[in-house]
Each structure stands twice: as structure tokens, then as C-alpha cells.
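Residues per chain, in single letters:
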Amino acid sequence: MPKFTIKVDPDLCIGAASCVTIDPTHFQLNAENKAYVPGEPPDDHAYERVVEISEEQKDTLILAAQSCPTLAIFIYDETGNQVYPA
Amino acid sequence: MDHARYLIVGGGVAGTVAAETLRTLDAETRIVIVSAEDYPLYSRVLLPNYVKGKLPRQKVFLRTWEQYTTKNIEVLRGRTVVSVDAAAHQLALDDGARWQYEKLLVATGGQATVPPPFAGLPHVLPFRTLNDADRIREEVARVAALPEGARRAAVVGGGFIALEFPPFFAPHGIETHLLLRGPRYWHRTVTPEGSAVIEKLLESHGVVIHRNVEVTGAEKTANGLLLALSDASSLEVAAVGVGLGLDSTAPDGVPHNDGIGANAQLETEQQDIWTAGDGAEFDDVIAGRRRQLGNWLNADQQGRCAAQNMAGARRTFENVSQYSTHIFDMVIAMAGDRPETATPRVVSDGTKHVELYERDGILIGATMIGLAAERAAIIAAIKTKQKSPL
Numbered sequence: 001m002p003k004f005t006i007k008v009d010p011d012l013c014i015g016a017a018s019c020v021t022i023d024p025t026h027f028q029l030n031a032e033n034k035a036y037v038p039g040e041p042p043d044d045h046a047y048e049r050v051v052e053i054s055e056e057q058k059d060t061l062i063l064a065a066q067s068c069p070t071l072a073i074f075i076y077d078e079t080g081n082q083v084y085p086a
Numbered sequence: 001m002d003h004a005r006y007l008i009v010g011g012g013v014a015g016t017v018a019a020e021t022l023r024t025l026d027a028e029t030r031i032v033i034v035s036a037e038d039y040p041l042y043s044r045v046l047l048p049n050y051v052k053g054k055l056p057r058q059k060v061f062l063r064t065w066e067q068y069t070t071k072n073i074e075v076l077r078g079r080t081v082v083s084v085d086a087a088a089h090q091l092a093l094d095d096g097a098r099w100q101y102e103k104l105l106v107a108t109g110g111q112a113t114v115p116p117p118f119a120g121l122p123h124v125l126p127f128r129t130l131n132d133a134d135r136i137r138e139e140v141a142r143v144a145a146l147p148e149g150a151r152r153a154a155v156v157g158g159g160f161i162a163l164e165f166p167p168f169f170a171p172h173g174i175e176t177h178l179l180l181r182g183p184r185y186w187h188r189t190v191t192p193e194g195s196a197v198i199e200k201l202l203e204s205h206g207v208v209i210h211r212n213v214e215v216t217g218a219e220k221t222a223n224g225l226l227l228a229l230s231d232a233s234s235l236e237v238a239a240v241g242v243g244l245g246l247d248s249t250a251p252d253g254v255p256h257n258d259g260i261g262a263n264a265q266l267e268t269e270q271q272d273i274w275t276a277g278d279g280a281e282f283d284d285v286i287a288g289r290r291r292q293l294g295n296w297l298n299a300d301q302q303g304r305c306a307a308q309n310m311a312g313a314r315r316t317f318e319n320v321s322q323y324s325t326h327i328f329d330m331v332i333a334m335a336g337d338r339p340e341t342a343t344p345r346v347v348s349d350g351t352k353h354v355e356l357y358e359r360d361g362i363l364i365g366a367t368m369i370g371l372a373a374e375r376a377a378i379i380a381a382i383k384t385k386q387k388s389p390l
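Line by line, the protein sequences give chains V and R.
With the first letter of the first sequence counted as 1, position 25 gets the number 25 in the working numbering; the numbers rise by one all the way through.
With the first letter of the second sequence counted as 1, position 18 gets the number 18 in the working numbering; the numbers rise by one all the way through.
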């Protein structure tokens with residue numbers, strides 16, 4: 001399965017939670033009301049993470065990024081190319 | 001007469017996302033957006049931060065004009081559609097131009113309601129568009145510079161938009177009066193305990209709350225307006241923030257009541273006309289009734305769904321709606337379905353306050369006041385039709 005890097009810019013995120021609603025697997029909210037990318041402890045609250053996902057999961061991830069009203073979510077492919085915002 | 005296969009009325013998030021989705025499905029055909037505002041897509045969600053001075057104006061824009069050009073999406077800027085002839089598949093613009101379309105999306109949203117006592121008066125501030133935000137900034141600066149006794153503003157309305165105004169006014173030493181038509185803030189939306197949490201927050205920032213009162217008249221004064229209130233009192237203010245909801249706007253020839261009626265595929269009763277966004281009154285298959293929702297996520301998702309259906313799909317719109325705002329650093333959010341007739345289960349410690357709507361033990365909606373991290377679990381439970389985590 002292809003790998004993607006998901007990055008949330010906490011300075012842009014206002015906690016509107018559109019991403020959390022669309023793709024709760026890859027986005028959660030922290031105590032500062034910012035979206036983060038959940039993972040395994042101890043690094044479970046990171047704003048940036050590499051994930052290995054199926055095509056279907058990729059579609060949901062991109063949809064979540066597109067729904068952000070502040071364009072705070074960035075997605076890169078394995079070669080570092082920015083997939084979103086395109 | 002000009003011709004476009006896909007014509008989209010409205011340049012907000014629903015219309016823009018629809019155009020971009022259509023372009024991914026159809027690389028060649030002509031796609032045209034008619035936009036009343038002369039701006040590329042901007043984030044209405046970010047406007048409060050711009051008004052508060054936390055964000056420079058250029059940061060509210062989510063697109064550049066070049067991005068429309070690159071995608072070969074034409075935009076008729078600063079134009080409105082005045083009428084639609086659905087049978088002939090034609091429409092007329094305010095500049096007299098006529099267009100032939102094959103598929104039409106009406107995503108015109110709505111206009112902020114400004115009630116009759118305020119019609120034509122200065123210092124009356126609706127809050128819907130970037131131009132509104134510019135005006136509010138100017139007025140806040142003007143009022144903040146007045147002598148102390150004259151630095152007073154009113155806010156009319158008991159909904160989400162009305163709540164945005166006190167944080168605009170209060171930090172500038174502007175005495176803020178919230179005028180509620182009902183007995184308490186959000187009296188149709190939350191329980192009395194929920195209202196109390198929000199009212200306590202407002203009062204802690206010096207907001208004076210007036211209940212069961214309406215503005216019956218307004219006249220211009222040297223610095224602002226003298227408001228006549230339904231309890232026979234009066235209030236002299238320098239500016240009035242208006243948060244009374246939206247008036248549906250649709251071109252003549254597109255039937256609408258509170259909104260533009262549509263089925264679960266966002267198709268209106270008229271052939272080859274779809275609707276999306278704040279103005280769409282659609283059959284919500286999750287709630288099991290016709291609903292109209294005014295929030296960013298709903299508009300984004302509906303724009304996408306309507307576009308797919310315009311291109312020939314038959315997708316049913318399904319979405320867990322979600323809206324949130326910050327008022328003086330408190331997050332207030334709503335998610336899912338919150339039927340007016342249902343009584344929610346309240347979990348509250350007086351600061352963090354949640355109202356949960358459940359059906360057969362499954363969480364279907366929630367109002368969340370003062371929650372941060374817990375919000376994601378509640379939204380996830382609604383989306384996956386689980387029991388409440390609280």
C-alpha cells in the first residue's frame with residue numbers, strides 16, 4: 001500500500017473539525033482544539049505522520065483535507081510531492 | 001446567447017467545490033460560475049478571526065483567480081442571476097445577458113436577514129460576507145474611538161451569528177447589549193442549563209443580556225442609533241450587530257420557501273436543476289426528514305455530491321453535519337441531528353456541557369459547549385452509529 005505524509009499546520013487549524021468528521025481514523029482533536037494525526041504512544045499526538053493506506057482510504061483522506069475551511073491540512077506522497085492542496 | 005454545459009449560480013464553497021468536482025469528471029466541457037461577490041473562494045469560517053485582527057485579510061482566501069483559470073473554470077464576477085426558465089434551460093443575468101445551460105446548480109446560499117426597523121439605516125451590521133467583515137472592522141474602530149459613555153453597541157439575535165459579535169466589541173471597551181427575542185440565549189436549541197453556561201460566559205465578559213425584547217423602531221443619532229424596544233424602553237447605541245439568520249435567495253423561476261427544495265440526491269423538482277449549500281432544503285436520509293443546514297462542511301459536501309449527480313451519478317447525500325465556533329475561547333459545537341421535539345440527555349459540570357440526542361441507545365446528535373478533545377469521540381460515535389462515549 002502506498003505511503004503518504006499527513007501534516008496539520010496547528011497555526012492554521014481553528015478546530016472546525018471537518019476533517020475529524022470525514023476521516024476520524026486520521027484526524028482527532030487535542031486539548032488545544034487543534035486537529036492532530038493519531039498514532040502509537042509515545043508519539044500519539046503528532047501534527048505530522050507517515051501513514052500506509054489503501055486507495056479507498058486515500059480518497060477519504062483527501063476528502064477530509066479538502067473540507068478544511070482553513071486549508072490547514074497538507075498531504076505528500078512517498079517522493080515528497082504535495083498531493084494536496086494540488 | 002452564450003452556452004455552458006454546466007452553469008453554477010453561486011461562488012461560495014458549494015458552488016466552487018461543485019465546479020472543481022465537475023472538472024475532475026469532465027476535462028473538456030464549459031463550466032461557468034456566476035458569482036455575486038467579486039472574490040475568489042474565501043473562508044467564511046475565518047472571517048471572525050479577520051474581524052478580530054488575528055488574521056490578515058489576504059489569509060481568508062482559499063483560492064486565487066489563477067487557480068480557476070488553470071482548471072478552465074470561468075467565473076462571471078459580481079453578477080447575479082435574476083431569472084431562470086427551467087423549461088427552456090435558459091437564464092438571465094442582471095446585466096441583461098442570457099445563457100443556455102444543460103445542467104444548473106443553484107448554490108446561492110442566503111442573505112443575512114436585516115429586519116424592517118433597520119432598513120436603510122447606517123451602523124447596522126449584518127455578518128455574512130467579506131464586505132460585511134470589512135464594515136464591521138471599520139465600525140468597531142469608529143465606535144472604539146468615541147468618548148467612553150458613547151461606546152455602546154447592541155447585538156440582535158439569539159443564534160450562532162449573534163454570538164460572534166460580543167468578542168468583536170468587548171475587547172475594545174465597547175459596552176455590549178445582547179437583545180434576545182426569547183427568554184434565554186438559544187432557547188429553541190439547548191436546555192435552560194445549556195443557555196445558562198453560554199450566558200454566564202457572555203456576562204463574565206461584560207455583556208448585558210436583555211430577554212423577551214424586540215427592536216420596534218430605530219432612528220439615527222449623532223453617533224449611531226436610538227433603538228426603541230418592545231418593553232417601552234430605549235437604548236442608544238453606536239452600532240448594531242445583526243445575527244437573525246438568513247433569507248433564502250434564489251433567482252425568479254426557482255421555487256423556494258425557507259430554502260430551495262430538493263430530494264436526497266439534491267435534485268430540485270425542476271428538470272436538470274440541482275441545489276447545494278446553505279440554501280438547500282433537502283431530504284436528509286440520516287435524520288429522516290427535510291432539513292436545511294447552514295454550515296461549511298455541509299456546503300462543501302453537498303457541492304461535491306450535487307456535481308457528481310449533475311455528471312450522471314445517482315448519489316444520495318449522506319453527511320454527519322458539524323459546526324463549531326469559538327466565543328471568548330470557549331468552543332461551542334453542534335453535530336448530527338438534534339430534533340427540536342426530542343429531549344436531550346445532559347452531561348454537565350457547569351463549564352463543560354454536553355447535550356446528547358439518542359435514538360434506541362445510539363447517539364444521533366450532540367450540542368457541545370466548552371469541550372475540546374472529547375469532541376472527536378462524540379462526532380465519531382455519531383458517524384459510526386455507536387453509543388455515546390459519555
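Just to be clear, a hint being listed does not mean it is correct.
Result set (DSS-like, lysine-lysine): computed pairs, CA atoms no more than 27 Å apart in a straight line [said to hold, decoys possible]:
| # | chain 1 | residue 1 | chain 2 | residue 2 |
| --- | --- | --- | --- | --- |
| 1 | V | Lys-7 | R | Lys-71 |
| 2 | R | Lys-383 | V | Lys-3 |
| 3 | R | Lys-387 | R | Lys-352 |
| 4 | R | Lys-383 | R | Lys-352 |
| 5 | V | Lys-58 | R | Lys-71 |
| 6 | R | Lys-383 | V | Lys-58 |
| 7 | R | Lys-352 | R | Lys-385 |
| 8 | V | Lys-58 | V | Lys-3 |
| 9 | V | Lys-58 | R | Lys-200 |
| 10 | R | Lys-220 | R | Lys-54 |
| 11 | R | Lys-387 | V | Lys-7 |
| 12 | R | Lys-385 | R | Lys-200 |
| 13 | V | Lys-7 | R | Lys-59 |
| 14 | R | Lys-54 | R | Lys-352 |
| 15 | V | Lys-7 | R | Lys-200 |
By construction, these hints were calculated from the structure, which means they are not laboratory data.
Checked hints:
Distance hint between V/Lys-7 and R/Lys-71 is fulfilled; the C-alpha atoms sit about 25 Å from each other, no more than 27 Å. With a C-alpha separation of about 26 Å, the suggested pairing of R/Lys-383 with V/Lys-3 holds against the 27 Å cut-off. Pair hint R/Lys-387 plus R/Lys-352 holds up; C-alpha atoms about 20 Å apart against a cutoff of 27 Å. Restraint check for R/Lys-383 and R/Lys-352: the C-alpha separation of about 22 Å stays at or below 27 Å, so the hint holds.
For the suggested pair V/Lys-58 and R/Lys-71, the alpha carbons sit about 22 Å apart, so the restraint of at most 27 Å is met. In summary, the hint linking R/Lys-383 to V/Lys-58 is supported, as the alpha carbons are separated by about 19 Å, within the 27 Å threshold. Proximity of R/Lys-352 to R/Lys-385 is assessed by CA-CA distance (about 23 Å); at most 27 Å being required, the pair is judged to hold. For the given pair, V/Lys-58 sits about 10 Å from V/Lys-3 by alpha-carbon distance, which is consistent with the 27 Å threshold.
Pair hint V/Lys-58 plus R/Lys-200 does not hold up; C-alpha atoms about 44 Å apart against a cutoff of 27 Å. About 32 Å separates the Cα atoms of R/Lys-220 and R/Lys-54, which puts this hinted pair outside 27 Å; it is violated. A threshold of 27 Å between alpha carbons decides the hint, and for R/Lys-387 with V/Lys-7 the separation of about 30 Å lies outside it, so the pair is violated. For the proposed pair R/Lys-385 and R/Lys-200, the alpha carbon gap of about 33 Å is over 27 Å, so the pair is violated.
The hinted pair formed by V/Lys-7 and R/Lys-59 meets the criterion: a straight-line CA distance of about 19 Å does not exceed 27 Å. Between the alpha carbons of R/Lys-54 and R/Lys-352 the distance comes to roughly 26 Å, so the proposed pair stays at or under 27 Å and holds. With a C-alpha separation of about 37 Å, the suggested pairing of V/Lys-7 with R/Lys-200 is violated against the 27 Å cut-off.
The earlier numbered hints that this structure contradicts are 9, 10, 11, 12, 15.
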